[in-house]
Amino acid sequence: NAGVMQNPRHLVRRRGQEARLRCSPMKGHSHVYWYRQLPEEGLKFMVYLQKENIIDESGMPKERFSAEFPKEGPSILRIQQVVRGDSAAYFCASSPRGRGEGEAFFGQGTRLTVV
Amino acid sequence: SQQGEEDPQALSIQEGENATMNCSYKTSINNLQWYRQNSGRGLVHLILIRSNEREKHSGRLRVTLDTSKKSSSLLITASRAADTASYFCATAAYSGAGSYQLTFGKGTKLSVIP
Numbered sequence: 154n155a156g157v158m159q160n161p162r163h164l165v166r167r168r169g170q171e172a173r174l175r176c177s178p179m180k181g182h183s184h185v186y187w188y189r190q191l192p193e194e195g196l197k198f199m200v201y202l203q204k205e206n207i208i209d210e211s212g213m214p215k216e217r218f219s220a221e222f223p224k225e226g227p228s229i230l231r232i233q234q235v236v237r238g239d240s241a242a243y244f245c246a247s248s249p250r251g252r253g254e255g256e257a258f259f260g261q262g263t264r265l266t267v268v
Numbered sequence: 560s561q562q563g564e565e566d567p568q569a570l571s572i573q574e575g576e577n578a579t580m581n582c583s584y585k586t587s588i589n590n591l592q593w594y595r596q597n598s599g600r601g602l603v604h605l606i607l608i609r610s611n612e613r614e615k616h617s618g619r620l621r622v623t624l625d626t627s628k629k630s631s632s633l634l635i636t637a638s639r640a641a642d643t644a645s646y647f648c649a650t651a652a653y654s655g656a657g658s659y660q661l662t663f664g665k666g667t668k669l670s671v672i673p
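For the protein sequence lines, the chains are A and B, in the order given.
Add 153 to the 1-based position in the first sequence for our numbering, that's all there is to it.
Add 559 to the 1-based position in the second sequence for our numbering, that's all there is to it.
I should point out that these hints are in silico values taken from the structure, not numbers from a laboratory.
Just so it is clear, CB atoms sit at the ideal spot from N, CA and C, and this is done for glycine as well.
Hints are supplied without guarantee of correctness; some may be wrong.
Said to hold, decoys possible - Below, computed lysine to aspartate or glutamate pairings styled on EDC-like, alpha-carbon distance capped at 20 angstroms: (1) Lys-197(A) - Glu-564(B); (2) Lys-665(B) - Glu-193(A); (3) Lys-668(B) - Asp-239(A); (4) Lys-615(B) - Glu-256(A); (5) Lys-665(B) - Glu-216(A); (6) Lys-665(B) - Glu-225(A); (7) Lys-665(B) - Asp-239(A); (8) Lys-585(B) - Asp-566(B); (9) Lys-224(A) - Glu-210(A); (10) Lys-197(A) - Asp-566(B); (11) Lys-668(B) - Glu-193(A); (12) Lys-585(B) - Glu-194(A).
What the hints assert, rightly or not - Here chain A is said to cover these stretches of chain B; the calculated rule only asks that three of the stretch's residues, wherever they fall, bring their Cβ under 8 angstroms from a Cβ of chain A: (13) 603-617; (14) 661-669.
Stated by the list, open to error - Pair ranges (Cβ atoms, derived): (15) Lys-224(A) - Asp-625(B): 39 to 47 angstroms; (16) Ser-617(B) - Ser-219(A): 20 to 28 angstroms; (17) Gly-226(A) - Ser-670(B): 35 to 43 angstroms; (18) Gly-181(A) - Ser-571(B): 38 to 46 angstroms.
Please work from the sequences and hints to get the whole structure.
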């Protein structure tokens, strides 16, 4: 049973470009969460999704950021018109049950660098 | 805002010593979890303690929870160089948006010197 798979591991984008981050949850997990981590910081919650539904996006910036978790395929975190401040590590986690009711399994993260 | 706040921010000990990290939080929680992160890697779940539990053990790990003080501690006994990592506490609390928030602190950076 493969773990949570994130790709790419590293992504470099110029200011104004779009960044698409992908996350395949563990097999059998229908709950996906995205977090952002700045250097020397903890993880900041962004969004919680179940298949085809956004459950909680209270941590997502209102503009330029969007997330989806389609019926088929990975979850996608999309950042439009990236700015330098978007540079961070983005982690995806999945769980078989609702968030907070058990452990979350994390991917290795995507390190986004905006130049 | 951060829910869990770890203390100390950094800890350096000799191999074989015990390491204690503390976490304080502000609101009522469903459970509290500890995670470990090696440099540049994802987080690995270590242990979960529910709000009605006071202590839990897993191998060399011992976690305590004091809901009256809104605090938890993680003890790693007989530390090894391989325990060098950042340790995060995460609190699970109802967010009001139909789900629980799993909120992370800034972590404690542990260095175990061989």
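Right, here's what the structure says about each hint:
Pair hint Lys-197(A) plus Glu-564(B) holds up; C-alpha atoms about 13 angstroms apart against a cutoff of 20 angstroms. At roughly 7 angstroms between alpha-carbon atoms, Lys-665(B) and Glu-193(A) fall within 20 angstroms of each other, so this suggested pair holds. Of the supplied pair hints, the one linking Lys-668(B) and Asp-239(A) is violated, its CA atoms being roughly 24 angstroms apart against a limit of 20 angstroms. Distance hint between Lys-615(B) and Glu-256(A) is fulfilled; the C-alpha atoms sit about 15 angstroms from each other, no more than 20 angstroms.
The straight-line distance between the Cα atoms of Lys-665(B) and Glu-216(A) is roughly 26 angstroms, outside the 20 angstroms bound, and the hint therefore fails. For the proposed pair Lys-665(B) and Glu-225(A), the alpha carbon gap of about 34 angstroms is over 20 angstroms, so the pair is violated. A distance of roughly 19 angstroms separates the Cα atoms of Lys-665(B) and Asp-239(A); the hinted pair therefore holds under the 20 angstroms criterion. Under the criterion of a C-alpha separation no larger than 20 angstroms, the hint pairing Lys-585(B) with Asp-566(B) is consistent with the structure, at around 15 angstroms.
Between Lys-224(A) and Glu-210(A) the CA atoms are separated by roughly 19 angstroms; this keeps the pair inside 20 angstroms, and the hint holds. Of the supplied pair hints, the one linking Lys-197(A) and Asp-566(B) holds, its CA atoms being roughly 18 angstroms apart against a limit of 20 angstroms. A C-alpha spacing of about 9 angstroms is found between Lys-668(B) and Glu-193(A), which places the hinted pair at or below 20 angstroms, so the restraint holds. With a C-alpha separation of about 19 angstroms, the suggested pair Lys-585(B) and Glu-194(A) falls inside the 20 angstroms cut-off, and the hint holds.
Requiring three or more residues with a Cβ within less than 8 angstroms of a Cβ of chain A, the coverage given for the region 603-617 of chain B holds, as 3 such residues are present. Coverage of the region 661-669 of chain B by chain A holds [criterion: at least 3 residues with CB-CB distance below 8 angstroms; count 6]. For the pair Lys-224(A) and Asp-625(B), the supplied restraint of 39 to 47 angstroms holds, since their beta-carbon distance comes to about 44 angstroms. The hint said 20 to 28 angstroms for the Cβ distance between Ser-617(B) and Ser-219(A), and at roughly 38 angstroms that hint is violated.
With their beta carbons about 41 angstroms apart, Gly-226(A) and Ser-670(B) fall inside the hinted range of 35 to 43 angstroms. Between Gly-181(A) and Ser-571(B) the CB atoms are about 40 angstroms apart, so this pair conforms to the stated range of 38 to 46 angstroms.
Hints 3, 5, 6, 16 from the list above are not met by this structure, while the remaining hints are.
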